[in-house]
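All chains should be built: construct the whole structure from the sequences, respecting the hints.
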Amino acid sequence: MKPGTVAVVGCAESDSLGKIPDHSALQLHVESARNALADAGLGIEDIDGVAATGNFAVEVAHAMGIAPTWIDNTSVGGCSYHLHLRHAAAAITAGMATTVLISHGESGRSQNGAPGYTIEDFSPWGLYELPYGVGGLYSMFTVPVLRFMHDYGVTHEQLASVAVAQRIWAEGNPRALARDSLTVEDVVNSPFIAYPFHRAECCLVTDGGGSVIVTTAERAADLPRPPVYLLGTGEAAESPIISQMADFTSSRAFRASSALAFAQAGLTTNDIDHLMVYDAFAHLPLYALEDLGFVGRGEAAAFIEAGHTRPGGSLPMNTNGGGLSYTHTGMYGMFAMQEAIRQLRGEAAVQVPDVHTSFVQGVGGMFMAAASLIFANAQP
Amino acid sequence: MPKVTALGRPAAEVQDDRLAKPSPKPSAESVPFWAAANRGELMIQRCVTTGRFFFYPRTYSPFVTGGATEWVTVSGRATLYSYIIDFRPPPAFGPGPNVIAVVELAEGPRMMTNLVGVEPDPEQLPLDMALMVEFEPRGEQAVPVFRPVAAQ
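In the order they appear, the protein sequences are chains A and B. Everything in the first sequence is counted per my numbering, starting at 1 for the first residue and increasing by one. Everything in the second sequence is counted per my numbering, starting at 1 for the first residue and increasing by one.
Where hints are given, some of them may not hold.
Said to hold, decoys possible - Below, simulated SDA-like cross-link-like pairs (lysine to any residue); rule was C-alpha separation at most 20 Å, straight line: (1) B:K25 - A:T118; (2) B:K25 - A:P240; (3) B:K25 - A:A237; (4) B:K25 - A:S123.
To be clear, the hints were calculated from the coordinates, so they are not data collected in a lab.
Rendered as structure tokens:
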């Protein structure tokens, strides 16, 4: 894919987000898909490719009445949708598909029609981590951070400031689930979920859906919404289990996927106006800011604490409130991408002025996989 | 062995064995590791070509294409690399806080484990503290856990 030759032409979330107990996961998928098609001014007959995680790729297509001739059911956790977009761009460039629907729906909170999620006894996870009482993502994804904090002198107040910065964005966003004002003192004085993480440093658990539609830039020119062009993409994987991540202060997958995206786009961090980083827990933006090269090693915590990622800051980050304050259905990556597209269209709930480029960094599993996307609202 | 849901709640809440800590059932790749644990030995693999140790057990060395491996009983010495304290552990690990640690073996590889003989208190858990392996019976299978050397 040459930068700017593929574009997002439709983008929408489910009608509501948060607590939607009467909707199944499949309904959250198809509701957002219908909304994205309406946004794009397209119908089911226009879609020839469908991407979603696991069984949902075919289920969503069939439920919508789409007969796809290109399918991607890549399922590597919360960044899967970013990989879907990367794969769709390649397929469109290769002539294997013309217009692709990428769909997410998850009943993470209500567990209505939600697929099972198990750790198999025989897997590395089941054999080498489950025996030690890992009770959920909060007790695994969090394990590296004390090494990061130790090696770089990060304080508990600085970790809390990640949650606070994102809450400030969420306060202005009517669709964000957590909008009450939050201070560093509130966070550090609250109970621990898994030391050193307090509740506000752990993601929300919500229901919701989101879909995007992607096609060629030529076709996008004939459609009603302002195209959001894809300039660069990257994907990478490291270890299936968090304990085998090579360096607890840096994600190899973050470094690899972001380097690919920057190289393809021909851009550097200086060219990026807006940043979305998958934040299942408050430490992820620290890793991403350093691994993507926005700040130097050991500088991320002070950068966030100083307010540079808040409204008015030099690097607006997680401007929907993020997984910590906006929504987190389980595989949040779709919502990071949605916010980047809204910002580039100029229609975000808390709009950042003069956004021309946006970088989306996704993570899947627990530093298992990663993907990077660079979007722009003009062709290079 | 209990399943764990995406939300961190043991699916085994409805099963009878929820109060038993998991007892691993060796995979084809890991039989020597688990058999050694039942003898009270920590055995991991070394790449024959490079001499580098690695964990977890695999069919080939990850450092060389299809590389041969050998099983070695290692020292059991380790240091504390990182950890969390889980304040709402699965029933078998509760009700108190459970320390989930990643330790770095003297031979290089790291592994997840539990710490024993030490309070789940950050003041008692400085990173890089010296640890020694011991083995915790789990029904028919023992699993490696680690104890601070000063506390032995």
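Results for each hint:
no.: 1; hint: B:K25 - A:T118; verdict: holds, 16 Å
no.: 2; hint: B:K25 - A:P240; verdict: holds, 19 Å
no.: 3; hint: B:K25 - A:A237; verdict: violated, 27 Å
no.: 4; hint: B:K25 - A:S123; verdict: holds, 10 Å
When the structure is compared with the earlier hints, a violation turns up for hint 3 alone.
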